[in-house]
Amino acid sequence: MNFAKGTPRATRLPSLARVGLLVLLGAALVSALAPAFADGAAQAGSSTNVTLTVYSGQHESLGEALAAAFEAETGIKVAVRSGKDANLANQLLEEGARSQADVFITEEPGQLAALDEKGLLAPVDPATLAQVDQRLNPDSGDWVAYAARSRVIFYNPSLISEDELPRSILDLTDPAWKGKFAYAPSGAFVSTVTYLITSIGKERTRAWLEGIKANGVNLQKNGAVRDAVEAGQIAFGLSNHYYWYLLAEKQGGPDKLASKVHFMDNGDAGALLLSSGAAVLKTSTHQAEAQRFLAWLTDPQGGQRIIATTTPQYPLAPGVESTMGLKPLSELSPPDVDQGSLGGVDEARDLIIATGII
Amino acid sequence: MTPEPEARAGQHRRPRSAKPPLALVVPAVLVALLALTPVGYLFFRGGMSLPRLLHELSSPTTGTLIRHTLLLAVGVTLASIVLGVSLAVLVVRTDLPAKRFWTVLFALPLGIPAFVTSYTWVAAGYEFAPRSTFIYGLRGAIIVLSLALYPYVYLPVMAALRGLDPAQEEAARSLGARPFLAFFRVTLSQLRTAIAGGSLIIALHMLAEFGALELLRYQTLTTAIVQRVTVLSAPEAARALSVVLAVGSLLFLAADAFLRGRSTPTRMGGGVARSAVPWRLGRTKAVWLGACVLLTIFALGVPLYSMVTGLARLVLAGGAGFDWARLGSAALDTAQYAVATALVASVVAIPVSLLAVRYPGWLATLTERSTWIAHSLPGVVVSLALVYLSVRWLTPFYQTSALLVAGYIILFLPIAVGAQQVGIAHASPQFDKVSRSLGIGGLATFFRVTLPLALPGIAAGAVLVLLNVGKELTMTLLLHPTGTRTLATALWATTDGEVLDFSAAAPYAVALVVITAIPAFLLIRQTLQPSRGGGSRR
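Protein chains in written order, with our numbering: chain A, 1 to 358; chain B, 1001 to 1538.
Think of the hints as simulated: they come from the structure by calculation, not from any bench.
Among the hints, a few may not be true.
Stated by the list, open to error - Distance windows between CB atoms, simulated:
1) Pro1396/B to Glu73/A: 30 to 40 Å
2) Pro175/A to Ser1189/B: 51 to 61 Å
3) Ala72/A to Leu1250/B: 47 to 57 Å
4) Leu1138/B to Lys327/A: 33 to 43 Å
Backbone N, C-alpha and C define an ideal beta-carbon position, used for all residues, glycine too.
Please model the complete structure; the sequences and the hints are all you need to start from.
Next comes the structure, spelled out in structure tokens:
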């Protein structure tokens, strides 16, 4: 029996071998990683071989498609850091003057407008601003709109007909709508709240949020709102047109879907048109290249072409039409608003937290 | 995993401890302080004062979020205990057919990250019962997550059960207790430490889980924290909720200590324990087999089905639009981060483990427990802390692999420490004494005697860390070097507006599971090795 105490040594050998292997592997990897560890320091200095750092709140695939096309056409390298608008904006504030970011592109106007108010953005070249639909640019001229998305209602005709839908999203506080609709507290939802605060005031917006919280179902993500309506789990949902057309594209056309998209036609907050914006950071050490990126992004032959063909967002250069079968931009009736006035993200944030939506 | 039981056993072998040498205390305390930096950030970041904290917490949401989080953590932990213990008993103590096969099969969900399991359930839900909302909310989250996490209870309990001497239970039966009662009263109480160890990991995991819960439409403190950072740009409000989480984790750690109790399984006399006489399932055998099949379908079948059909759809479509090179680079990055973290974390965890096992006392307990707190914070908060610190004082490291690895180490250090304690408990201090008496110095003794004996436990810790880094999502999203991605973040990107038919996600999910399955398999094999499982071994 004493023998048993000796045997572990024998059975331990295989695991020792494993550990040895692990150490060897690790040593190999550490040497492989060493250059990566220094990657932060390596970039500074050399101006001939510029790499633009773009912080992108866009869906990762679009951010990277834009970067790749720009790189191919101009030879200027682009490193994309994908995230969410709010998170990247917060990161830019933390980084301050030490930021490596040259360009910030967003999904929503809110965070850009807020950074603009804090004075972080360099003025955009007027020629670039002139390339796109002026309604979507901020009055300040410190960032440029390169795409847009419309707030819409997705609905499932087997559960509700189009003429039964609310005439205004403000009506949704009525208990009659309880349990009938879904929403997601996304960036565009925050933008809607910001817009409501500027248009109907803080207290009425608070009451609206309380009604939404009481009557609606919070599905966390816009994609979930779309999928739940499409599957018939719920009658309708507040979202962005983008998600519905994305699914339609994937399924082979709008007629392949059970759900429908409803654009409000009366300038209601539920038809808000929101800019996706781009800006050059004041702290960027590559101002010329960064401005060139913005000029390319808004160029009908450049970024606008990519947006028109790879994502169901609205391109904004006159003459460029999306290939995704979107309802034409000219036929929408959004409320009239300066996109640059939607920077009140702090007030929107406080209300969203206070009413318990996030 | 298997760590805790024996770590305690080790402590009990040395009731009275000597004063720890300074050469051990200093590095151990330094490591603990490093692990506490995110907590320090929570409390001391400029602008956070007590009135501010109370103001942030006074929102009516806070109470709801706390209730949701507790319900989820308790629900998933209890369900995992029931599942894990039942399955362990089934494969160790009964005459279930093909036991060896089931033993391994039941452990396999360990290799599938919880958010991947949830993603596949959501995809399968839309495919088979599109109108049903059964899998969402608290009920759905408890079901899906306990199916993903029960192996954390199953493995240590199974290992402990195999190591237990049935003599006490037999004694109880000879005194007239019915078999089930004897098992319940005698054996189950001896499994307490094994159950507590696994439960703690699950409960703390539930405090910090994000991806799975967003998919399953259930709001907790952590999903709110992440949304406050990523949607609202409200880091102060996120930090306030994180303070609640940190306090919650302290409560769980205390509950864990309480549940373990002070008793550890003991066995008098020498020799080797016999294995218990298996219970006959008799006529219920078919029912139990059916239950095993059903569980396998739920825990493994659903994820595999979604992955395989998703992959098949993609391949049938000629892989249209899928970037395979991107998959390759993500896999490589994931592997590099995981290995680098596993190595460094193993090294820095050693002083903490050594202190905890060899010199038990308040200092050791405090050091070891402080490594756990950051583990229960969402990765996004630990990331914010590191962004804050590195932007100001460690600028060259900001957004580099080094900082990301440091973050991983902070998150997963306690997992390495837990496993190492088992190994170090095996390296009895008696051997050290012999070595020292032969005139070999302290450091040399450590490298020539203690370390080799403790290696299996240290390797198990490294492997567990490897597994966890592979699955990590929320920290990677914030700290990764610009232009790189891991399998988990690339997979997550496909949930952002994409269509839930799982085609775009499948290759990443498969690659992630393949990578995490390797360490999971090593762990399962190690647990199954009779010479070293968990449980009591004399």
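Earlier hints that do not hold, by number: none
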